[in-house]
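J.: This is what each chain is made of:
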Amino acid sequence: MAKKVQDTALLDPAVMRPALLAALHKLDPRALVSNPVMFVTEVVAALTTLLFLRNLALGSGAAFLVAQIAAWLWFTVYFANFAEAMAEGRGKARADSLRSTQSETPAKKLASPDTRDVETVSSRSLRTGDIVLVEAGDIVPADGEAIDGVASVDESAITGESAPVIREAGGDRSSVTGGTRVVSDWLKVRVTAKPGESFLDRMIALVEGAKRQKTPNEIALNILLVGMTIIFLLVVVTLEPFVAYSGAFVPVAYLIALLVTLIPTTIGGLLSAIGVAGMDRLVKANVVAKSGRAVEAAGDVDTLLLDKTGTITFGARMADGFYPLPGVREPDLTEASLYASLSDETPEGRSVVELARKLLPRGVEQRASVKQAVAFSAQTRMSGVDLVDGTELRKGATDAVLAWCETGSSKTLTDIVERIAKSGGTPLLVARDRRPLGVIHLKDIVKPGIRERFAELRRMGVRTVMITGDNPLTAAAIAAEAGVDDFLAEATPENKLELIRKEQAEGKLVAMCGDGSNDAPALAQADVGVAMNTGTPAAKEAGNLIDLDSDPTKLIEIVMVGKQLLISRGSLTTFSIANDVAKYFAILPALFVTAYPGLGALNVMGLSSPGSAILSAVIFNALVIIALIPLALKGVKYTPASAAKLLRHNLLIYGLGGLVVPFIGIKAIDLVVSALALA
Amino acid sequence: MASDILQFILYCVLLTALAWPLGLYMASVFNGERTFLTPILAPVEGLFASACGVDGQKCDQHWTRYALSVLAFNAAGWLMLYAVLRLQGVLPWNPQGLPGLSPDLAFNTAVSFVTNTNWQAYGGETTMSYFSQMVGLTVQNFVSAATGIAVGAAVIRGFFGRETRGIGNFWIDLIRSVLYVLLPLSILFGLFLVWQGVPQNLTHYVDVTTLEGAKQTIAQGPAASQIAIKQLGTNGGGFFNANSAVPYENPTPLTNFVEMLAILLIPAAFPFMFGRMVKDMRQGIAIFAAMGILFLAALGLTYGSEIQGNPVYAEMPVDQTAGNMEGKEVRFGVGNSALWASATTAASNGSVNAMHDSFTPLGALAPMLQMQIGEVVFGGVGSGFYGMLLFVVLTVFIAGLMVGRTPEYLGKKIEAREVKLAVITFLVMPLGVLVFGAMAAVIPTALASVQDAGPHGLSEILYAYSSGTGNNGSAFAGFGANTPYHNTMIGIAMLLGRYVFIVPMLAIAGSLAAKKTVPASAGTFPTHSPLFVGLLVAVILIIGGLTFFPALALGPIAEHTAMLAGQTF
Amino acid sequence: MLSQIRPALVMITMMTLLTGVAYPLAMTGVSQVLFADQANGSLLTREGKAIGSTLVAQAFTDPGYFQPRPSAANYDGASSTGSNLGPTSAALRQRIGADATRLASENPSMPVPVDLVTTSGSGLDPDISPAAASFQVPRIAKARGLESGQVQRLVWENVKGHTFGLLGEPRVNVLALNLALDAVAPRRAPATQPGEPVAVNSTDR
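Residue numbers (the working numbering), protein chains in the order written: chain A, 1 to 679; chain B, 1 to 569; chain C, 1 to 205.
Hints listed in this document are in silico derivations from the structure and should not be mistaken for laboratory results.
Every value quoted in this text rests on a predicted model; they were computed, and no experiment measured them.
Backbone N, C-alpha and C define an ideal beta-carbon position, used for all residues, glycine too.
Incorrect hints may have been included.
[Said to hold, decoys possible] Partial list, derived from the structure: chain B residues whose beta carbon lies under 8 Å from chain A:
1. Gly32
2. Glu33
3. Val423
4. Ala514
5. Lys516
6. Leu535
7. Thr547
[Unchecked claim] Result set (DSSO-like, lysine-lysine): computed pairs, CA atoms no more than 30 Å apart in a straight line:
8. B:Lys516 with A:Lys508
9. A:Lys667 with A:Lys290
10. A:Lys214 with B:Lys420
11. A:Lys422 with B:Lys420
12. B:Lys215 with A:Lys508
13. A:Lys26 with A:Lys447
14. A:Lys645 with B:Lys279
15. A:Lys214 with B:Lys215
16. B:Lys215 with C:Lys49
17. B:Lys215 with C:Lys142
18. A:Lys26 with B:Lys420
19. B:Lys215 with A:Lys502
20. A:Lys290 with B:Lys516
21. B:Lys516 with A:Lys554
22. A:Lys290 with B:Lys215
23. A:Lys645 with A:Lys554
24. C:Lys160 with B:Lys215
25. A:Lys645 with B:Lys215
[To be verified] Computed footprint of chain C on chain B, listed as stretches where at least three residues anywhere in the stretch have a Cβ under 8 Å from a Cβ of chain C:
26. 245 to 252
27. 310 to 320
28. 440 to 454
Bound-form chain A, shown alone (with noise of 0.2 Å):
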């Protein structure tokens, strides 16, 4: 599927120019306030500086080092702006490129539903309930239902999905995009979305990160940050008591130096550019989301409620074989089958076509010539075609068809019908000249990798549940097939309501998607209800995401990205906790040695002198922050696998990973710095 929004490389320079002036605009302590680690840092920032001031002005020696200190300061409030500059710039690219095609469009605006009087406006200054007229050729000018008409319409500026789609008044098709364009025929379009509010609109303010309300777990994290921050504020402030007692001194600086390092900088530095990346890597998948929680829900999703049709199978059936009743040659019957198709254009028709041309010898149908097709229709229940040589031939349900031959069935037609349904299969009976040949088996084709998939989900712990309205033989053996955990036969919108309650009475998080009206109930029950972007309106308000590819393997991919964002803040909080340990290595020999010069002995990276081992801590602090940012923006990375393994594994990387790596970062920084003697 050619994606419409392409993926910008991930330092583009396009992104980091702006991001970079963007990032000194963010140091105005009005906006950083929101983020209190980070503001904390800037506040010992300036204080910094008015002592390097203070010691330029005295001419203290160390005015130096405080300067080189003060410096790092600001630029691990600078790196953690930067961070979240980027991640917006690269959301803000992609909003571009889908705003252009939101440009101001003329709309022809109509005085009632029943007029074809047209007025033209701007798209701009159509309201809701508005009803206007698109026609082939114009681009439909806001989002909302078409109420009139039936039209093809290209919707590969929203999906990427070239071939046009149709969209007609009434139905599960009734809801067109703004931005798309009509390819043929007409619609009359009543407006659903005020200007600036459109699923456009909404998905530009949300990889922007404009609006971005932060989720319940950033809240959570974020209260443990201030929690911390708080903490190490008491360890530094009553540090300087303590070293008092001890009849030493510390500078203020080489405390205001501990603190920062202390303090969670690096997830605090990036907490936000992760959430705005992870609604960003959504917005690539093509999905909007309402609300941020939506897409932490995902994360935590149990089940996944995932309809048959479209997701686990290919949309329509296809012919698998035909089988002959007694005193019929099998090619005579496959024969008959390819006429009785042959004006039968739906899939199931084509495909008993496709399968039959390809059992018989090559020609065999020049042989007869169609005198008059007969269509489905609900109350005869077949289809078929009567042939020039007065040839009749029928196909249809068993029932139907029987009727047609006015005959009973036979056992062994019994048998091989029971027989087809067991294994999930449609059993289709043809009969020529009301005299039953034998059956064509029409089978739900499930598709490639389903399984696979499925089983990935299993492994991270969701549990999987099919939904189709076939009867419950056939539906467990299409779940057998798909490797479904469970399924919901014969559904309808009440039970599958009823199913999503009481899967959540067990305190499990249910995701579902769907597209028609009749899901909305069902869509707004369910924890994480993704809307095709094709559905009804009332489908697409009930969700709380919307995909716009219409594809419900979709939910899949969703649920990948709300766990990988959950990762990456807690992989990036786990690292930088553990890095508290070597800073504390490095710092507190440099600061106790005049009091207790035996307390050297904690030096163990052997760092080369109390400013030095300052400075290199602080250095590495901010730069930790610069080196994760790629991590930050792209996420952590996630393979599907138990909890149990991935916490084995993030734990090895973050947290081991978290303790060992600032020693040896510390101590190289301090290599550098005596090398260049900046302190």
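Chain A is already provided as a structure; the job is to place chains B and C on it using the hints.
T.: Using the frame of chain A, we list chains B and C on its own:
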């Protein structure tokens, strides 16, 4: 050395073997099930319950109400104890005619016993009448422990409650803690102590004439009954000044060993009680394992440091193979003193059988750190366990995100509200130890209480405020804590350390109880694996270490380096 | 809160009666019947007079007696305490140095067992280590005019080993040992004691 290690092993094995069945029994008690004591105790229980207007089983309290009951009961207990201590001079059972306590000492002592701290700014035999010991202190030894057990049980209910409003009834939990758990164990244990030589009388102090013809006055009193509950209830307030070092409190190696078992018995039973109550014993075992690892680490550090003796005396004609014996009793030696110190500071038991002030620096660092991490290694009865659950919540929150789900523990989602409450409690230890400690390190009136010069003086301050905030009660006893300043500040620290844990913890329990329980799946963060145990231990050490390492570096660690260099102050 | 006050007051009253009055009094009553000796302080009498408790150290300064560990409580049975001096305390080093020098000069054996120069936790430790007892044997033998071997035998007879072969430390009860010593060789009148020189000079380095 070998016999020390063997004793440690025997201790751990026996503790586990006794704690497991006790945990299961306590689970039955707090689930309201029938136990073998029910036929005897049910009428008494009914009498107590109806007297305070609680009616049978249908009396679940919302967490706010539960917390109010706790606070009201503790406030009443405080008032009563304060009155007893102030009025001691006119009350009966006072053969030595000891006067009433000063207001600040009475405040401090009443707070100390109500909060299950049992910090003693006074000397038992020189300050307290038998009436105060029995009617005042013994009562609080029972009910402060029962309060802890009750809150512990209520918190556990929060973790398995399914969308319920209530977390149990405090009055019922309190009565059951005393009747079914503390009192029967105390009677058995108390009689054992008397048999071994602990006095239990109401007579005047005894005057004797020694072999060399000198006069010696020997303190007496109803000691055994109080010592039994002081150990079982992780209280620790000594009947005599030098606490369990005094032969009258702890006459033999056997009493010492059994008292050590008693100290950790109920705290160690809690994980098993938890496992039974949440119907997943693996969860209880995991927490027990984490506690065990931290305990062994602390014991190893203390013992390893004490057994090496004091290098300062290396050049004197002194044979130090017995280790650092200053402040230790011969019958216990270094091994049993180190084990005792580790067990009591793991629990919130303030009793000492050797003087911690005279421990080697690293030998004292481990007890201090155990208190500073909030006494969650087994911990106080009930309080240690809910303190540990707090760390579990934190661990689950930090690491739980790493598996890509909203963190959850036992199917309960840990969200902003729980994190906020947990963070509030995590501020208590730094506040009480670091902020109050820093104040004591600079305010001249406070500084006057410090006995030793050099880094050891800072250790004395840190130990006092760690012990107070952690509700432990043991002391670097050289620190002259009985001053209006420290009586007040340590009193406040004890209150913070008790109630700013209890109330938020009950709030967390209430919040969790109301939540749905998410069934476990392959995507659920596993909280019973060895990996989780290791992670929990690491989080406790890193959070505790990061918070207190700088102060400890200037105290015990600096003293250690000085001691190695043979330096004195 | 108000609604909780009544149950709180009722409950603390009832708990006080149960655990503060009934429990300790019942325990006292039962103990006095079952374990009267221990319950009353394990006191020792000689010729009808109380001479001390086996569980409480008393001072012995006479060179003819085994001496207990130094006491920070000055052997006051009604005011137990340790020295509480820290490991890097200059005062402690001075005290231990002085004691070590004195003991080394009073006793021919070397070096001094550590428990004889360190104060106990309670100040009332009734025991010394077997090594500390043996360390004093030559001095006692000399002061009492006994064979060293005889005194040493007394020491071994009075050693209590590990309880159950495992718990605690081997030890000798000083009071019991001195009573046994008196039984074997009654002490000469204190006035006839030559009096060992007591070293008072500090060994502080």
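J.: Checking one constraint from the list: CA of Lys290 of chain A to CA of Lys516 of chain B, max 30 Å. Satisfied?
T.: Satisfied, since the Cα-Cα distance of roughly 25 Å is no more than 30 Å.
J.: Check the hint pairing Lys290 of chain A with Lys215 of chain B against an upper bound of 30 Å on the C-alpha distance.
T.: 88 Å, violated
J.: Within 30 Å, alpha carbon to alpha carbon, are Lys422 of chain A and Lys420 of chain B?
T.: Answer violated: Lys422 of chain A to Lys420 of chain B is near 56 Å, above 30 Å.
J.: Can you confirm whether chain C covers the stretch 440 to 454 of chain B, using C-beta to C-beta distances below 8 Å and requiring at least three such residues?
T.: holds (count 4)
J.: Are there three or more residues in the stretch 245 to 252 of chain B whose C-beta lies closer than 8 Å to some C-beta of chain C?
T.: holds (count 6)
J.: Is Lys645 of chain A close enough to Lys279 of chain B, meaning Cα to Cα at most 30 Å?
T.: Holds, at roughly 25 Å.
J.: Please work out if Lys214 of chain A and Lys215 of chain B have their alpha carbons no farther apart than 30 Å.
T.: 77 Å, violated
J.: Is the hint on Val423 of chain B kept, meaning its closest Cβ partner in chain A is under 8 Å away?
T.: 3 Å, holds
J.: Regarding the pair Lys645 of chain A and Lys215 of chain B, is the alpha-carbon distance no greater than 30 Å?
T.: 72 Å, violated
J.: Regarding the pair Lys645 of chain A and Lys554 of chain A, is the alpha-carbon distance no greater than 30 Å?
T.: 25 Å, holds
J.: Does the structure keep Lys215 of chain B and Lys508 of chain A at a Cα separation of 30 Å or less?
T.: Given pair Lys215 of chain B, Lys508 of chain A is violated - Cα atoms ~77 Å apart, limit 30 Å.
J.: For a C-alpha distance cap of 30 Å, please report whether Lys26 of chain A and Lys420 of chain B respect it.
T.: Distance of about 27 Å is within 30 Å: holds.
Of the numbered hints stated above, those contradicted by the structure are hints 1, 2, 4, 9, 11, 12, 13, 15, 19, 22 and 25, listed in ascending order.
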